[in-house]
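K.L.:
For reference, the chains in residue letters:
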Amino acid sequence: MGKGLKICLLTAAVVFLTGCGGEQPVISGSASMIPAVRLLCAAAGGGWEIQGGGSSAAVADVREGRSTIGLMSRDPLPEELGTDLVCAPVAYDPLVVVTAADSPISFLTKDSLRDLYLGKYSSWDQLGGASRPVVTVGREAGSGTKDTFESAVGCHGSCPTLTAMGSGMARLMIAGNKNAIGYISAWQADETLTMIPIDGCDLRRTLYFIWRKGDETAQSFYDFVRTPKGAQLLAQAGLLPAEESI
Amino acid sequence: MNRFRFTSRCRLAAVLFLVPAVLALLLLFEGAFPALTQEGIRLILGTHWAPDGDPAAFGMLPMICTTVAGGGCSLLLAYGCSVLIALWAGGRKPTRRWASLHFLLEVSAAVPSVVWSYFFLTAVAPAIQSATGLPVGTHFLTAILLLTVMVLPSLTSLLLSALDRLPEDLTMGGLALGVPRLTVVSALLLPAARGELRTALLLSFGRIIGETTAVLMVSGGTVSFPSFFAPVRFLSAAIGGELPYATGLHQSALLAAAVLLLILALPAAFGKEGRP
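Protein sequence lines, in the order shown, are assigned to chains A and L. Counted from 1, the first sequence has number 145 at position 145 by this note's numbering; the numbering is strictly sequential. Counted from 1, the second sequence has number 25 at position 25 by this note's numbering; the numbering is strictly sequential.
A hint or two may mislead.
What the hints assert, rightly or not - Computed beta-carbon distance windows for the label pairs:
hint, chain 1, residue 1, chain 2, residue 2, range
1, A, 39, L, 56, 33 to 41 Å
2, L, 37, A, 65, 27 to 35 Å
3, A, 168, L, 56, 24 to 32 Å
4, A, 191, L, 133, 49 to 57 Å
5, A, 60, L, 33, 18 to 26 Å
Quick caveat, the hints were computed from the structure, so don't treat them as lab data. Just so you know, even glycine gets a beta-carbon here, dropped at the ideal spot from N, CA and C.
Extracted from the complex, chain A is given alone in its bound form (with noise of 0.2 Å):
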């Protein structure tokens, strides 16, 4: 037995066994509930592994069994669920609207931030504000923080100036640019950006947790969270506590 293939059979058990892993309860699913949900795991005692994902493949993971509780940034479609999952409502990620810490604007209206959107200013002093070049940032097509912002302020189908790929990329186009404004969740704002009150308008979305009936893993976990103890630790880690339950 040579050298050669002892190399590409410890290969094969490397690439074999990382898949194994031990028997803790997975939590898989969308990134923006990631951070809130460590805090969750950490207060109930640990034990869960906490995975990406996206809310897309969380319905998929938890149907298949690879996940105990899915997470879900969006509306779930009735079509997702069918009749074996159990989706219920925890918390609400309110949205912000934001500029450059040196801001064009102080103060916008749902209306003007609509008319901004769908292209109808060119300058700031068209709304009262500096002289300086309208500039809009938006999300890729199919981000849940797109939707629930373009829904809420009627501007399906618009284009804007720029298209950021992710809240990461959207908070550096913003912070870097003294003409932008643009929409993030509200726990991702940092001192780089200037919040912009927006007059009648409620930016939020729900978050959901999803799991198969029946499962009283998951479903000890969910009545964890929405315990008093929880609910603080939402508000820690910038999301509201949902009023609704299943």
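Guided by the hints, dock chain L onto chain A, whose structure is given.
P.N.:
Leaving out everything else, chain L in the frame of chain A:
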């Protein structure tokens, strides 16, 4: 180990590599199939990209033009710069300055693309913005400059080593005839290294076409036809940015875009010619 056993092991390794590669290709085509059959020619001739629109539209022509034009421009720029560097460095005795140039090139060739991209996004784009007085600094031109900076080191390295490997007689003979060094390089050395230069260019083209992080960060991201100061989106950036969220026909259209990228990169795989 005798020669026979070595060759047979090489064959085994080739098969072990080929099977997953072919499987990956099949999976890619399988994923792209719904979009290819339902959208057909509209995928590459359509000009409107709105996967979440009503009705959804999957026209990739603006992104295809961006990728091809951006790749072409940055390759041309990188080619020009590397030839200039070769004119300066070719046919010289390996001095310390020459060695430090080589070192610099190899170090910058090893810089990960995300580092260059972050530097361009946070430093170069704002500088371009204030220099041009435009509303944004992340546009087609910034992406071209970034891609050029990313392929230039490896392209120049390959070119310089090719010149290095040429027989010394070529340089010596030329210089002995009293031909200026610049003419020796441009009229003798560069033509002699033509084949390797071509290979290096094709490899760089392949890298430019496939580059995702860089163009995702500095090109502005909005789908439109390429124009130097307009925010644009490259095909690879669309795939990298939207695939994590995409489902159904949207996902399939992105995989069709991946097939398209593969086709665009084919010249890099098959266009090499043997040494002259």
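K.L.:
Hint by hint, note whether the structure agrees.
P.N.:
The hints, checked one at a time:
1. Remark: the range hint 33 to 41 Å for residue 39 of chain A to residue 56 of chain L is upheld by a beta-carbon distance near 37 Å.
2. Residue 37 of chain L and residue 65 of chain A have their C-beta atoms about 32 Å apart, which keeps the hinted 27 to 35 Å range intact.
3. The hint said 24 to 32 Å for the Cβ distance between residue 168 of chain A and residue 56 of chain L, and at roughly 26 Å that hint holds.
4. Distance hint for residue 191 of chain A and residue 133 of chain L: a CB-CB separation of about 28 Å, inconsistent with the stated range 49 to 57 Å.
5. At about 19 Å, the beta-carbon gap between residue 60 of chain A and residue 33 of chain L stays in the expected band of 18 to 26 Å.
Going through the hint list in order, the structure does not satisfy hint 4, though it satisfies all others.
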